[in-house]
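Listed here are the chains, written in short residue letters.
There are 2 protein chains.
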Amino acid sequence: MKAYKELSKEELLTLKEELNKEYEEARAKGLKLDMSRGKPGASQLDMEMDFMNVLNTDTSFKTEEGTDCRNYGLLDGIPEARKLIGDMIGVPADNVIVCGNSSLAVMYDTISRSMVFGVMGSTPWCKLDKVKFLCPVPGYDRHFAITELFGIEMINIPMTESGPDMDMVEKLVSEDAAVKGIWCVPKYSNPQGITYSDETVRRFAALKPAAEDFRIFWDNAYAIHDIYEDRSDSLLEILSECEKAGNPDMVYEFCSTSKVMFPGSGISAVAASQPNLDGIRKTLTIQTIGFDKLNMLRHVRYFNDINGMKAHMMKHAEIVRPKFATVLEILDRELAGLEIGSWLNPNGGYFISFDALPGCAKEIVSLCKEAGVVLTGAGATYPYKKDPKDSNIRLAPTFPALDELTQATELFTLCVKIASVDKFLAEK
Amino acid sequence: MKAYKELSKEELLTLKEELNKEYEEARAKGLKLDMSRGKPGASQLDMEMDFMNVLNTDTSFKTEEGTDCRNYGLLDGIPEARKLIGDMIGVPADNVIVCGNSSLAVMYDTISRSMVFGVMGSTPWCKLDKVKFLCPVPGYDRHFAITELFGIEMINIPMTESGPDMDMVEKLVSEDAAVKGIWCVPKYSNPQGITYSDETVRRFAALKPAAEDFRIFWDNAYAIHDIYEDRSDSLLEILSECEKAGNPDMVYEFCSTSKVMFPGSGISAVAASQPNLDGIRKTLTIQTIGFDKLNMLRHVRYFNDINGMKAHMMKHAEIVRPKFATVLEILDRELAGLEIGSWLNPNGGYFISFDALPGCAKEIVSLCKEAGVVLTGAGATYPYKKDPKDSNIRLAPTFPALDELTQATELFTLCVKIASVDKFLAEK
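Protein sequences appear in the order of chains A and B.
According to our numbering, the first sequence is numbered sequentially starting from 1.
According to our numbering, the second sequence is numbered sequentially starting from 429.
Next up, chain A with everything else stripped away, as it sits in the complex (with noise of 0.2 Å):
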């Protein structure tokens, strides 16, 4: 394959010619595909249909402890889903609060709590001039929604393979007491799949914040969503090593059972230290009477434990797997050597971050979008959605079934070859 930018102008133009041609009949099939959202696919949500049985009339309602879960109380949750939801991510029970069905929710109540009421008896921040947060990017959309909607200022922090350019984030965070907080999702991060190593762990752990209501907002999301049998990304136990580094306080950690059981009738947790979770209590006890008890139950019941999970994310790798393979695929197949665009091959998680040509992103999901493939925004993975660049965009393979995986990504590389054959006319 020659580079798109060797080609002289004649032939950029005949190249034109046949990619139009392509997509006009690639348009006429009248797509409608959807790989904008990181959303299992059905075959992932019939293989776990046996969840539906675990609670019936014939099993007992009581924790281990004896608490009818069927009734109200419990506000940190029931001691075995915290102990389950712990293993998940490493941290003893204790630290652990159980909550509803999205952890996007429980992020969206610790920002609003910290505007409102402060964090651990700091000032409200909505009562300072300026609240910054560092955002490595690309990164997750619905993390920038929540601080653009309370107005707090966001840094872009680029991302590296072993994740954010750790000397930025030292910087600013211990210059600037405005710096509140950091997104992290630190293990398959979403978009690129990207694992912090141990040496970002530790710098992450030993930060040095000149604000005393720094948070690391640590969105564990993936952190048993492996792709494959034979590699894994390991991440260290970020509750451990602020502790060890001093800074017990520092972190408050986020996940669910979204992906791993059914999206939206998950369960979610906060795990922090416990002055941080006391300082959540104080609010949540106001909040809620407590948060769906049976679900927790269900889960525990389903998965036994962390072993009984861990062997159920290999279910859905299996399922996954071949969807992530297929874009690959089609994407080696169709654009290695073109020289206009770059990907990553990720252990685990829900996507695939592709890097088109500067300027080029944005018209290719519109290019997509034209003939029925939804992609997720250009710009989305940046705040404010804007993508400085206008390259990034995130592929999610996990919705479509294999066929229309298939000729959903083949319609993308199609749009990338256009957009960038555009791009090269422009500059001639």
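Don't take every hint at face value.
[Unchecked claim] Under the rule of at most 20 Å between Cα atoms (straight-line distance), these lysine to any residue pairs were calculated in the SDA-like manner:
| id | chain 1 | residue 1 | chain 2 | residue 2 |
| --- | --- | --- | --- | --- |
| 1 | B | K710 | A | V116 |
| 2 | B | K555 | A | P124 |
| 3 | B | K558 | A | P124 |
| 4 | B | K560 | A | F117 |
Treat the hints as calculated values from the structure; they're not laboratory data.
Just so it is clear, the structure is predicted and the values come from calculations on it, not from any experiment.
Here the structure of chain A is known, so what remains is to put chain B in place on it, guided by the hints.
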């Protein structure tokens, strides 16, 4: 029975001695009973265990419109759950957003959102010097805890037999732009079991608030929670009344199935005008991807429609009815004619409200506690936990089994007598 106020000092002293003896005997029993919270009893939960079998591997998980309830999506909830909840409170499905397991959390969110983001474009309440809420008293302690947490000044509004003192409500709402809301439990009110009269509801709907962002917080927690088959209260539907009166945006209505199905594993909802719902969606869509649709589906499939739900509530009523009868019978047998307390006999809800002689409530609750019977804290039914008369006590008959309830209520009446004798003696 001779009224205590007629007794001489000697008679009171003799009585005191007898009562103290009885009390010591009761205390020796080492009771451990809880009449503090409006929790359904185990027999109510046992009766509805077939709820757990509704969804299983063989059932369809799609809504009527074809949405897969197992996956992400549908911020407003599934259409059939919106319809069911709408029918429960008498409003169209379009005006309902079905949420998570706790209506308290929805109310907290609504206050929190108003504080931080304002109401339909108004100035955020946290930017104002003063925000006030009207609180009909006695009322629900968890309402008052929310407004207290957010630093909202609470003003007591006396309850009458037909609802809050509307002269006072009208005056304060129309004259003071700092008054932004009022907490209402309009049907089978907590704790009195009073249902607002049609005239009261119409006067609410016709309020002329000084503040454009004034809202009625209409917590219709006991919409279908009748105790009797042959007598029940009915409540005018507030959304349509507000619309008729030219105030379509003046009310947020809240409800849940926490005391219809298993508490803590129910579904909750907010109902309001479209402009209000749009205001809610603006932040809700950032807060969460959606609530637990499988649990919504479980409810819809179990009840089928509002008739199924009402039939189910009659099964609860059959269990609850003898408990209310027991408490009322003992109160009547032990206290009638003594003129040391008054109480109401509601047609629904979860409580019996008891008014002791002024200055006696704290002592009664404390005496009960020492003898092993936990009641709702004295003062809890008032903002800031301050009952100006130290008189109101909320009795919750549903949780204990019938024999325990008998013991607990007998102890309660004994403690009422002791505290009252002490009061008269102190005055002699």
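Next pair to validate is K558 of chain B with P124 of chain A; report whether the Cα-Cα distance is within 20 Å.
holds, 17 Å
Given the hinted pair K555 of chain B and P124 of chain A, is their alpha-carbon gap at most 20 Å?
Holds, at roughly 13 Å.
Take a quick look at whether K560 of chain B and F117 of chain A sit within 20 Å of each other, Cα to Cα.
It holds: about 19 Å lies between the C-alpha atoms, which stays within 20 Å.
CA of K710 of chain B to CA of V116 of chain A, is that 20 Å or under?
holds, 19 Å
Going through the hint list in order, the structure satisfies each hint without exception.
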